[in-house]
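In order, the protein sequences belong to chains A and B. Going by this note's numbering, the first sequence runs without a break in its numbering and finishes at 327. Going by this note's numbering, the second sequence runs without a break in its numbering and finishes at 327.
The reader is advised that the hints may include incorrect statements.
The list makes no distinction among identical chains, and a pair is therefore deemed to hold if it is satisfied within one copy or across any two copies.
[As the list claims (entries may be wrong)] In the EDC-like style, the derived pairs of lysine to aspartate or glutamate whose C-alpha atoms are separated by at most 20 Å in a straight line are:
#1 Lys213 with Glu296
#2 Lys213 with Glu295
#3 Lys213 with Asp306
#4 Lys286 with Glu267
#5 Lys281 with Glu241
#6 Lys221 with Asp253
#7 Lys221 with Glu310
#8 Lys276 with Glu241
#9 Lys286 with Glu275
No lab work stands behind these hints: they were computed from the structure.
There are 2 protein chains.
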Amino acid sequence: MNKQQMTEMLKGTLEGIVLEILATQPAYGYEITAQLREQGFSDVVEGTVYALLVRLERRGLVDVEKVPSAKGPPRKVYSLNGRGEEYLSGFWRTWDFLVERIQQLHPRKEHPQEEGQ
Amino acid sequence: MNKQQMTEMLKGTLEGIVLEILATQPAYGYEITAQLREQGFSDVVEGTVYALLVRLERRGLVDVEKVPSAKGPPRKVYSLNGRGEEYLSGFWRTWDFLVERIQQLHPRKEHPQEEGQ
DNA sequence: ACCACTAGCTAGCAAGACTGAATAGCGGCT
DNA sequence: AGCCGCTATTCAGTCTTGCTAGCTAGTGGT
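Construct the entire structure; sequences and hints are all you get.
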């Protein structure tokens, strides 16, 4: 997997990915990073996620709550708010549009499910 | 469609889109821009495409030929070469990986079964 | 005291798309 | 001739975003 390529592709999409994670349940930066890495985005680092979360907060898409932790410094738990949900659904509209255009240009094999049907 | 969002998403993917267009047939910048705009990427402008083509050339992924035109200055016709083909297939591997990860995170409705050819 | 793990933050860099303009060639119109 | 519109390319400067490479802070174990 070409890392440089993935880095460039993540520009603009990482934001939606993180918002989607927050749509499932509130989470804090360290946790989100770990989740991303587990889910295959193995090169995403903490610094990137923290900076992204700050931007999301500044734009009013998430709410923040400081929660003390038994194992370290207090956590900043982020949760998606109403504006965030709205923004996220717009995000997915844009993403779906892009995926469709690219699908037209470069058809991918249909997922192996349409076999006999 | 949020323009800012699309702009960010295109980072990294526009390159592959243009390479894919060149894989179909050689083309020059002005032509490619027009094609993109027709195909739904309505905000992509000439300047962006020209800069991208220069990068592709510098990286040796495309060959260039200057062709005189009856309607204006000579065209710089770009065509995908061997290295470009190789690079493009790697590009799609990365793209497919990203799409799969995102699909896991945010399942999209299955497309209404497409009549294949 | 030192280390490891958890948790957050930041300055500076690199890459890529957009803005807005300039340049150049050709044909048609007045 | 002069001007406009379409074709065609280029470029400087701006903005956003992810990465690099550190740093700070809290807790517990050796």
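So, going through the hints one by one against the coordinates:
{"no.": "1", "hint": "Lys213 with Glu296", "in the structure": "between (31 Å within a copy, 16 Å between copies)"}
{"no.": "2", "hint": "Lys213 with Glu295", "in the structure": "between (30 Å within a copy, 18 Å between copies)"}
{"no.": "3", "hint": "Lys213 with Asp306", "in the structure": "between (24 Å within a copy, 14 Å between copies)"}
{"no.": "4", "hint": "Lys286 with Glu267", "in the structure": "within (11 Å within a copy, 46 Å between copies)"}
{"no.": "5", "hint": "Lys281 with Glu241", "in the structure": "within (13 Å within a copy, 59 Å between copies)"}
{"no.": "6", "hint": "Lys221 with Asp253", "in the structure": "both (13 Å within a copy, 18 Å between copies)"}
{"no.": "7", "hint": "Lys221 with Glu310", "in the structure": "both (19 Å within a copy, 17 Å between copies)"}
{"no.": "8", "hint": "Lys276 with Glu241", "in the structure": "within (14 Å within a copy, 54 Å between copies)"}
{"no.": "9", "hint": "Lys286 with Glu275", "in the structure": "within (6 Å within a copy, 56 Å between copies)"}
Checked against the numbered hints given earlier, the structure satisfies every one of them.
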